[in-house]
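Colleague: Single-letter residue listing:
Number of protein chains: 2
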Amino acid sequence: MKYYIGIDLGGTNVRTLLVDEQGNTYSEVKDRTEREKGPDYVTAKIVRQIESLDYSVCGGFEQVLGIGIGVPGPVDTVHGVMIMASNLPGFENYPICQKIADRFNKPVFIDNDANVAGLAEALLGAGKGYPTVYYITLSTGIGGAFVVNGKLISGGRGHAGEVGNIIVKTNGYKQGALNPGASEGEASGTAIVRKGKEILGENQVNHAGDVFRLADEGDLKAQAIVDEVVSEWATLFAAIALTVDPHCFVLGGGVMKSSPYFLERLNEQFNQKIHVGMRGHIPLLHVALEDCGAIGAAMLPMSQLD
Amino acid sequence: MKYYIGIDLGGTNVRTLLVDEQGNTYSEVKDRTEREKGPDYVTAKIVRQIESLDYSVCGGFEQVLGIGIGVPGPVDTVHGVMIMASNLPGFENYPICQKIADRFNKPVFIDNDANVAGLAEALLGAGKGYPTVYYITLSTGIGGAFVVNGKLISGGRGHAGEVGNIIVKTNGYKQGALNPGASEGEASGTAIVRKGKEILGENQVNHAGDVFRLADEGDLKAQAIVDEVVSEWATLFAAIALTVDPHCFVLGGGVMKSSPYFLERLNEQFNQKIHVGMRGHIPLLHVALEDCGAIGAAMLPMSQLD
Numbered sequence: 001m002k003y004y005i006g007i008d009l010g011g012t013n014v015r016t017l018l019v020d021e022q023g024n025t026y027s028e029v030k031d032r033t034e035r036e037k038g039p040d041y042v043t044a045k046i047v048r049q050i051e052s053l054d055y056s057v058c059g060g061f062e063q064v065l066g067i068g069i070g071v072p073g074p075v076d077t078v079h080g081v082m083i084m085a086s087n088l089p090g091f092e093n094y095p096i097c098q099k100i101a102d103r104f105n106k107p108v109f110i111d112n113d114a115n116v117a118g119l120a121e122a123l124l125g126a127g128k129g130y131p132t133v134y135y136i137t138l139s140t141g142i143g144g145a146f147v148v149n150g151k152l153i154s155g156g157r158g159h160a161g162e163v164g165n166i167i168v169k170t171n172g173y174k175q176g177a178l179n180p181g182a183s184e185g186e187a188s189g190t191a192i193v194r195k196g197k198e199i200l201g202e203n204q205v206n207h208a209g210d211v212f213r214l215a216d217e218g219d220l221k222a223q224a225i226v227d228e229v230v231s232e233w234a235t236l237f238a239a240i241a242l243t244v245d246p247h248c249f250v251l252g253g254g255v256m257k258s259s260p261y262f263l264e265r266l267n268e269q270f271n272q273k274i275h276v277g278m279r280g281h282i283p284l285l286h287v288a289l290e291d292c293g294a295i296g297a298a299m300l301p302m303s304q305l306d
Numbered sequence: 001m002k003y004y005i006g007i008d009l010g011g012t013n014v015r016t017l018l019v020d021e022q023g024n025t026y027s028e029v030k031d032r033t034e035r036e037k038g039p040d041y042v043t044a045k046i047v048r049q050i051e052s053l054d055y056s057v058c059g060g061f062e063q064v065l066g067i068g069i070g071v072p073g074p075v076d077t078v079h080g081v082m083i084m085a086s087n088l089p090g091f092e093n094y095p096i097c098q099k100i101a102d103r104f105n106k107p108v109f110i111d112n113d114a115n116v117a118g119l120a121e122a123l124l125g126a127g128k129g130y131p132t133v134y135y136i137t138l139s140t141g142i143g144g145a146f147v148v149n150g151k152l153i154s155g156g157r158g159h160a161g162e163v164g165n166i167i168v169k170t171n172g173y174k175q176g177a178l179n180p181g182a183s184e185g186e187a188s189g190t191a192i193v194r195k196g197k198e199i200l201g202e203n204q205v206n207h208a209g210d211v212f213r214l215a216d217e218g219d220l221k222a223q224a225i226v227d228e229v230v231s232e233w234a235t236l237f238a239a240i241a242l243t244v245d246p247h248c249f250v251l252g253g254g255v256m257k258s259s260p261y262f263l264e265r266l267n268e269q270f271n272q273k274i275h276v277g278m279r280g281h282i283p284l285l286h287v288a289l290e291d292c293g294a295i296g297a298a299m300l301p302m303s304q305l306d
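Line by line, the protein sequences are chains A and B. Numbering of the first sequence is given in the working numbering, commencing with residue 1 and proceeding in unit increments. Numbering of the second sequence is given in the working numbering, commencing with residue 1 and proceeding in unit increments.
The following block holds chain A by itself, in its conformation from the complex (with noise of 0.2 Å):
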């Protein structure tokens, strides 16, 4: 059996795991970021965290092949830092994968939360078996990752499965700093909560699966909602699979929870914006795992060094 180290480093708390070549999870700790002290602080404190962890199981730290982190936000692989990091102050082009490595004189891989997540629904989770893997998160914003042979797809500048600023409206609205009509700002739990207190009221509406409930019950509104969201869903469905054609999608995060509401009409739209010949070879599968980030952080070295 091999063994891996995964860090999931989040804005909030920082979570480091010892696991096995198949996810099976050894030992954990976890603790609050504290990201407002700063990289160097913060690194201090995932070097304890991995000093802590109990290698009984693998015969001693020595035993471990390498060490993963998934970091929010995009990533550049090749050089090991974060290019953009809204979410952890002053770790954009901060070398903690060279700082962890020269400490432990292990390999170290980093990816942005969405890749290893995917990574690990494809290595053990959904996914598992499929030659190629399209994941997607429809959560608060729209992200994914693409995973070819169980390695991660990153890109030139680490943003593969950005497709959450895909376009999928013309002269749509604008969401911040993204296109306007992107799928983000027209199709995220997000966009779904604006577009429910918009129309349906601001006191209707608490989450996105509010929207979809009262579509459910009834409510035209709240379907002309849902069928907005979910023709703009097949769009950008069909967008990637008509670049990639993946093997299957694996769909996670909240918005997942409406799945009863909308996947077999999503099913159905997504196949008809894609070419005939692909039509019922690309399944939309619910993700497998739970709270997958440290666990898809510790496949990195394992997809990497394989």
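In silico DSS-like cross-links for lysine-lysine, where the CA-CA straight-line distance does not exceed 30 Å: (1) 257/A with 221/A; (2) 128/A with 30/A; (3) 174/B with 174/A; (4) 151/B with 128/A; (5) 151/A with 2/B.
By construction, these hints were calculated from the structure, which means they are not laboratory data.
Since the structure of chain A is already known, use the hints to place chain B on it.
Modeller: Using the frame of chain A, we list chain B on its own:
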């Protein structure tokens, strides 16, 4: 030096080459396909072509490592058959690879013509040296290919690169079986001619280049067509870039003859539609090779057997 056979099987002509791993051609034969005589007849013709090449440079046919075939239409690369074959009647699911492999006892690979052209550009042409390359042909239609570390990503059903069906305009023009507002219906050479004839007059426009020329000469209606098409290309390229973040695009096809009129603007608008961290990092390169279908086909065994 390693040697391969490449076959460019088109609806009109079929061409077979002996090439080395650097793309140098040593022997070549080209005939009419005579597709109306059916797949057995055409396959027998290919067999004769292979037999008729001069193998003295490599010390005999037995030194050839593999055979590749490029065809017009989507391919099931796993089973070595065409999935759709509107330009080669009877070739749908016809075991062309198996027949040629049985006859010559060599590994035989097949992929569609855009994919093999993209492979040639990635390995030998404008994309040489880039870890990932997205090739796009702007021609009668719009097609593409994604090459990662010298290998084609063909996809689960051979449809990777079918970017002509990606929607770039909500409720846009419906061309044939494509999506309303698909890039090929909105911004292919055919689409530009259609828009030009509609708006500028039937006799003003014979090919896409006329529209670009008229816009350059100050025709405001022609400029409006060019504005829309460039914006739609930018939307398309951004969708692809946000899906896989390629290290470069390589652009070919007849429409690129007009690129002095639009490439700079396309580059600007494309960069506006991707994330800040990607801007300036994904060059839009001209193809470097001409008529590279058969050479690209010869690269199939090279990239797969490596």
